Structure formats: C-alpha cells, structure tokens
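Undergrad: Can you build the whole structure from these sequences, using the hints too?
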Amino acid sequence: MPIPSTDSELIFHSPATTFEMHWTSLAAELRGMILEALAHEGDVAHCASVCREWQAAIEQLNFHSLKLTARDIPIFKIMATRNLGLIRYIWYSIELRNYDCTECDLDETEDVMDANRATVEDGMRTMFCALSERLPDGNMTLDISIHSPSGSQHHFKYIRFEPANTLSSRDPLKPSSHHDSVHSSSAPLPSIAAIDRISRTSSFRRVPCVTHLLLRRQTRRRWDPVALSRLTARLPNVQDICFEPWREWGRLNQRRMDIRSERFLKSLIPNNMERMITFEDLNETYISANSTGLHESLDAEPIRTASTQVTKGLAEASLGLQHLSAAFIIDASQFWEVRQSNWVWEQLLTLSLTSRDLVPHTEPKDINGLIHSAARAIKKMPKLRIMELWNGGQGHAAVFRYKSVKAGGCASIAWRGSWSLKFETGVVTAWENVAGASHAGYLHIQNELLRPLQIRSHGEAVLILELETEVACPVSIQQIHREHLQITT
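Heads up: the sequence shown is residues 1 to 489, going by the UniProt record's numbering.
Don't read these hints as lab results, they were simulated from the structure.
Note that the structure is predicted; figures quoted are calculated from it, not measured.
There could be a bad hint or two in this list.
In silico lysine-lysine, BS3-like type, Cα no more than 25 Å apart, as pairs [as the list claims (entries may be wrong)]:
1. K266 x K380
2. K365 x K422
3. K406 x K379
4. K383 x K406
5. K312 x K383
6. K380 x K312
7. K379 x K365
8. K379 x K422
9. K77 x K67
10. K406 x K365
11. K266 x K312
12. K312 x K379
TA: Written out as structure tokens, the structure is:
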C-alpha cells in the first residue's frame, strides 16, 4: 500500500452512512491519543504505510531503543541517516565464546582470554565505526554489556542480561536442562574460578561521541579503568556516566585496581559532565564461600576499605558536576577529609555517598560526627538541594538526608534506618546554621525507625530506604534483589 502523499488523504468511512472524516480533521490532541494507543499494540511496523504522520510516529517508536549485537551491525550500518537520528538508546551486547560444564570451574586459558579480548575490541571498533555517521544532537545513551551466554547456564542461572530502559516483572526461571543436573540448586556456591570466568577484565580501543554512557553491573567481567580513560577521552560531549564495577575478590588485586581507578578518575579532569553515578557491587555470599584462609591479601574484604587516592580523584573530578553518587567505592568520611580548602562545588545539586560507619554497631557519637562533618563540607556546595549519606547490606539499612529550601518546602534533616539515632545538639545547631545561611529560617527534623523486616541485600536496602537520588541503574537494583533471592532460597 503506497503511503498517501498528504495526511489529509487518509479518510475514515462509516459503513452505515456515507459519512467521511479526514484524519487531519481530528484535533491534534485526539490524533496524538490514537497514535499513543496504537504504540501499545505491539508490532505496528506495518501501520507506518497508512500516512506520513503515522510513518513518522511509528518510526520514532521503532528506532527509539535498539538492542544490537555484533551480528546486527551490518544491517545497522545501512540504516537511513534520518533513522539514525531517531535513536535515543542503544544496548550493545557483546557475546563471548561459550563454554561447557567441564570448563566453568576452571580458569580461562591464555588462548581463550586472547580470543575474548579480540571479540571485545573488534565488537567495540565495529560499533563505534557504525555510530560515527550519526550526528550528535545532545541526546543518545550507549549501554554496553559483555557476557558469555554460558554464564547463565551453569552456576549463575539467576543472572539476567537485559536493557536498562525497562522495569517490569520478570519471567520465571527456565525449565530444567542438562546444566541443571550438574549445577542444581543444592550444588555448592560457585568457586572463584567460576566467578572470574564471568568477571575477567575487559578492554577496548576506540569509541565514538555519545552523551550518556552506561556500564552496568551485568557485565561481570571487570572493566580496566585505564581502558575506560581511553574511552572517555573519545567522548567530548559526554554528560552522564553510570559505572557499576565489581569489587575485586582479593585485597591485593583490589589495591592494584584502585591504582588504575585513580588514573581513570584523573582522566576526567577537567570534563563537561553533569552527572556521575558509580556503584561498586559485591555479592556477600561469594566472599564467605570462597575465602582461601591462606592470607588476607588473597581474600576480599567483607567491608571495603576505601582508597584515599581513589576518593581524592573522585572528589576532584566531581567539582564541575551537578549530580554525584558514589556507592561503596569510597567512604563519605574520607570524602570530607581529602577535600582541599580551595575546592568549591559550584554547580552541585545532589550528592549521595555511602559510609561504612552507618551500621547498627557504630557508636551514635561517631555517626553524629560523620553528619556534623557533612554540615561543614556543605558550605562549599552553594547550590546543593539534596544530600544523602547511606549504607545498606544484609540485615541493616540507614540514610541521613538533608534537603534545602532549593528542593522545595522547608529545609530539613532526616534519619531513616533499621535502628534509631538521636541527633546531638551540636549536630542540630550545625545544620540550623546551614539552613540559616540559605535563608530558610527553620529546620525541620525527622526521625523514622523502619519497621522490623528482613533486609537480604544492599539492593533490597536501596528499595527500602526510598532514596531520592539515583545510586545505580534501577534495573541493576532489581537484578541485585532478584539474584539474592535466588541464592538464598
């Protein structure tokens, strides 16, 4: 069916009368409602031939979000230039070689690592070459994931690889297969070798210009921070980075990774970014199950000791940001300590940091000390609207939240946690001074004790605390919660 040359040629006929109505005679609001309803009908590509207006609306829907693999790139490269401009989100999934049950508990061989490294580099190069023809218009998200399809067929059947722009209830686990008989739910927890098979360090060479970059936790293979610095160097218009690395499994490896992470953060100075989210993930269940007992340097820390250099690098890189969230990779107390007297966060609107001090067994005076230090630091953040200091894990969750009058309403401080905390007089006075400096005139104080409930993971803690700042991709939080449920049931 040829597309009518004008939208006015689309005519609706009533079967009972000779009444005719032109599409363009409908109010624009009504036409929009019809097209929106049509968009929820599933596959509507065939409707694009109805008229030009329908074609434009349906093409915008079809090309808004794409999932691509290396196999899709040849088709992607021949897309019309005008359709490239419609793309707002690309989930690029790089698939590594498969492996069988005899290999999943073994370290990768050098040949396999070389082959996987080549797959990643070739895949990235191909993708960025294809994207180079898209003119930057200030709004495109590139979401990169790297995995082997075998990863979710062995010990890790609860792992899902999914786009970042959908939150919904998920399908049940797949029916039993050959792998289930070898790796049943009663099997021991996966070994470090099995974990590292889905966590091997990855690198790449060339990247194009994008505005939003997502490197989510579902890439279990660790990104090399130095390689990331090369990537961000090729992103002159990047405004937003969401980086969700995995913690190393041993203290020695973690120290090495922290040195490289410092180099990555320094590469961001100066930058044009507006927002940075970094969320260092760790599955607590794997730590206890895979402790070597040989030397502490070979085992992961149950609670992360933040690197001073990483903290300083992140603090300096954040000076030009509007939004900063750093979870588990640094500590709030150290963030206050490393700042230099001449540092001012002129544009910062929201700040979210975790602190290892926010646990039930910490003395209340120490928690109050952390909150008091935050009141002093905020004087260097003249536009700040919301600050959240939080922590969460198995059995505990807590957040201290400050909201200025700039966030709407009166200035306030609040404690919300699985254990109670009374603000000391000096802490209240310090925050009253902060409120007074912003001409609030009044400080509202809230203290909420969460009702007794089971907190099974840091992901569940995020959901329970109802944080107002985004600390990770919402799909990642959902994945953490779901994975812990699968492991513990």
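Undergrad: Does each hint fit the structure? Answer for all of them.
TA: Outcome of the hint check:
no.: 1; hint: K266 x K380; in the structure: holds (21 Å)
no.: 2; hint: K365 x K422; in the structure: holds (9 Å)
no.: 3; hint: K406 x K379; in the structure: holds (15 Å)
no.: 4; hint: K383 x K406; in the structure: holds (8 Å)
no.: 5; hint: K312 x K383; in the structure: holds (21 Å)
no.: 6; hint: K380 x K312; in the structure: holds (16 Å)
no.: 7; hint: K379 x K365; in the structure: holds (22 Å)
no.: 8; hint: K379 x K422; in the structure: holds (23 Å)
no.: 9; hint: K77 x K67; in the structure: holds (14 Å)
no.: 10; hint: K406 x K365; in the structure: violated (29 Å)
no.: 11; hint: K266 x K312; in the structure: holds (9 Å)
no.: 12; hint: K312 x K379; in the structure: holds (18 Å)
Comparing the model with each earlier hint shows a violation of hint 10 alone; every other hint is respected.
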